[in-house]
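Student: Each chain is listed here by its residues.
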Amino acid sequence: MSEPFHENWATQLRKGLLELSILNALCGRRLYGYELVKRLGEIDSLVVSEGTIYPILSRLRSEQYLKTSIEESSGGPPRKYYELTDRGRAQLRRMNAHWQQLQDAIEHLRKERR
Amino acid sequence: MTFTEDAQRRLDSYLAAMRSSMRGTSIDSTDIERDIREHIESALAEYEVVDTEDLDPVLARLGAPEAWISDCELPAWRRIMRRVQHGPEEWRLPYLAFAATLLGLMLIPVGIGIVFILGAFILARAAVEEIGAERLGSRRWLVYSPIALVMAFFGLLAIVGPVPGIIAWMFQEPSEVHQFIQGDSPRILAGLVAAAFGAWWIVLSIVLAIAYRPVRFVFSPLTLRWRRAHAAIIAACGVVVSAIGAAALFAF
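Read top to bottom, the protein sequences are chains A and B. Residues 54 to 167 (my numbering) are what the first sequence spells out, left to right. Residues 763 to 1014 (my numbering) are what the second sequence spells out, left to right.
Simulated from the structure, these hints should not be mistaken for laboratory data. A hint or two may mislead.
To be verified - Below, in silico cross-link-like pairs of lysine to any residue (SDA-like), each with a Cα-Cα straight-line distance of 25 Å or less:
#1 LYS120(A) / ARG799(B)
#2 LYS164(A) / GLN144(A)
#3 LYS91(A) / GLU810(B)
#4 LYS133(A) / GLY1007(B)
What the hints assert, rightly or not - Counterexamples of contact, computed for chain A against chain B with all Cβ distances above 12 Å:
#5 GLY81
#6 ARG83
#7 ASP97
#8 ARG132
#9 HIS151
#10 GLN156
Glycine residues also receive a C-beta, built at the ideal position from the N, C-alpha and C atoms.
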């Protein structure tokens, strides 16, 4: 019984954190889709299916948090590079602050228990 | 980079499934198709010829073609269909149970409706076991209806029991009955019916008191609060109705 509960919880958590992770991965650098997927894939259990990243990128772009530019590459197909817009940077600051608040609150609860 | 015929077919079918899942939404599938192609070509950049053996793991890591669109971007009816087709058992079973109930209710005039309702009952019970009664949440609206319908049917059957048969026998064989009770006035007939029902409910209460665990399990979660004490209420009703029946037969 506890395994489906944990799975469900982990999925919800992952969904919420993917957007934050993508914005942070793009902070101060330009990455193309595959490169970003690989970078996020290095974080254990964050990316279950690589296809989930692209719809999020598309949504973040339509929210104008990201902008894209297509560039030819020497050893492969033309690449779509993603980078943060000013709006995206501002949003990332808010999200990081919120995340920090949550982390501190949870840490506080854990310490209280001890 | 070139794809073998099989690999190209595999990729085309993946892209077609993705495009089909985007139909009816505001999302531009061309953009997503571009992302998929770029991803595959980047992942397999070192291959000159790509076979299905090379392509399949990349597609598997990308996930199902229908997963490129998230639930919140789909129209409501597509969300329901997706949950039924691909959703976890936790949602699929309740939706199927509810659909079978609706179908069963519509087909009752034709006669096979009851089969669908019984099927819906089994699906709903499977859903309750899979999810757990306490975690049903809004899914309870999907699973309660078939369980309630079947429980109401068997409940009615249990309340009526063999009484109509006994009464019919009394009317068919009046001489047998008249050996014990004189007269066939409406009071006597009403007394017979009341006594028969009362006696049956006492028997029923004993059966339910003994088998309260199976009853609670079969119609869970609607009967989770069923206790032996509830059988005593049925027994009390039986005693009261029997007493009324006996009074009507013998007291006047």
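Student: Work down the list of hints and note, for each, if the structure agrees.
Tutor: Outcome of the hint check:
no.: 1; hint: LYS120(A) / ARG799(B); verdict: 20 Å, holds
no.: 2; hint: LYS164(A) / GLN144(A); verdict: 30 Å, violated
no.: 3; hint: LYS91(A) / GLU810(B); verdict: 21 Å, holds
no.: 4; hint: LYS133(A) / GLY1007(B); verdict: 87 Å, violated
no.: 5; hint: GLY81; verdict: 22 Å, holds
no.: 6; hint: ARG83; verdict: 15 Å, holds
no.: 7; hint: ASP97; verdict: 15 Å, holds
no.: 8; hint: ARG132; verdict: 6 Å, violated
no.: 9; hint: HIS151; verdict: 20 Å, holds
no.: 10; hint: GLN156; verdict: 26 Å, holds
When each numbered hint is compared with the structure, violations occur for hints 2, 4 and 8.
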